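**Q** Input sequences plus hints: build the corresponding full structure.
Be aware that the sequence shown starts at 23, since it is given in our numbering, and climbs by one per residue.
Everything labelled a hint here was simulated from the structure, so no lab data went into it. For clarity, every value in this text was computed on a predicted model and none was experimentally measured.
Pair by pair, the computed Cβ-Cβ distance ranges are:
#, residue 1, residue 2, range
1, Ile281, Asn175, 18 to 26 Å
2, Pro111, Glu232, 54 to 62 Å
3, Phe104, Leu165, 24 to 32 Å
By construction, the Cβ of each residue, glycine as well, lies at the ideal position given by its N, Cα and C atoms.
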Amino acid sequence: MLSGPTEFVFRVFTTVPEFQVLLFLLFLLFYLMIVCGNTAIIWVVCTHSVLRTPIYFFLSNLSFVEICYTTVVVPLMLSNIFGAQKPIPLAGCGAQMFFFLTLGGADCFLLAIMAYDRYVMLGGAVGLTLFLSLQLTALIFTLPFCGHRQEINHFLCDVPPILRLACAAIRVHQAVLYVVSILVLTVPFLLICISYVFITCAILSIRSAEGRRQAFSTCSSHLTAVLLQYGCCALAYLRPQSSSSADEDRQFALVYTFITPLLNPLIYTLRNKDVKGALEKTIN
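**A** Here is the structure:
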C-alpha cells in the first residue's frame, strides 16, 4: 500500500468551453448575490438601533455564517471550472472540510436557535460544532489514500466523496459520520418542528382570517428554507453509502451551497417590514 497522497483534484463539471463560461458566470452571480444580500442585512442590523433585538442579532449572525460558508467553497470552485485540474494539498483539503463542516453545522444550529431566541444556546452550539467538526475531520484524514493524486468527484472536500477514496475499511468512520450528522441535523430539525407546533397553535388563535393567512404565508416560507437545508444535508450525509452516488451528492451540495444561503436573507429579513423600512431609509 502506498503512502497517502500529497494532493487532490476536483472532477470538472464539463469540458465544453461554452458551458464552462456559462457555469462560471452563473455561480459567480449567485455568489455575489449571497455576499451582497447577507452583507446588507448585517450592515442594516448594526446601524439601526430599532433592529437591535435578539431575533435580529441571530439573523445577522446567520447572514455572517452564510457569507463565510459559501466563501469557503465558491472561490476555489470557480478557479477549477476553467483549464486543467488544479491540485489542492492534503492539508488544504482538510482545512476546507473543517471550515465547511463547522460553518454548515453552525448554520443548522442557528436555524434552530432562532426558533427559541436563546443566547445561551448560541455559545453551546458554536462550541459543539467546532468540537464535532475538528474530531470528524481529524478522523477522516487519518485514513490512507492510495496513489499520489486522487480525483474527488465533487467541487469541495466534503466527507462522503473523501471517504470513497480511502483504501481502508471505513465502517467506523461512516458510523461516526452518522452520529455527528444526527446531532447536527436531526436534533435541530426536531427542535424547529416542536417550535412550529406552538407557532401553528398561536396562529390558529388569531381571530382575523387575513392575519392567519399572512402568518401562515410567512411560516410556509420559513419552513421551505428549513426543509431545503436539512433535507438536502440529510440526503447527503445520512444515506447509506451503498445507496448513494457521488453525482447525487454533488447535486445536493449545490442546493445547500447556493440556494439556501441565497434564500435565507430573502425569507428571514428582506420580507420583514422593519428591515425593509431600514433599508429604504438607508438607500434614500
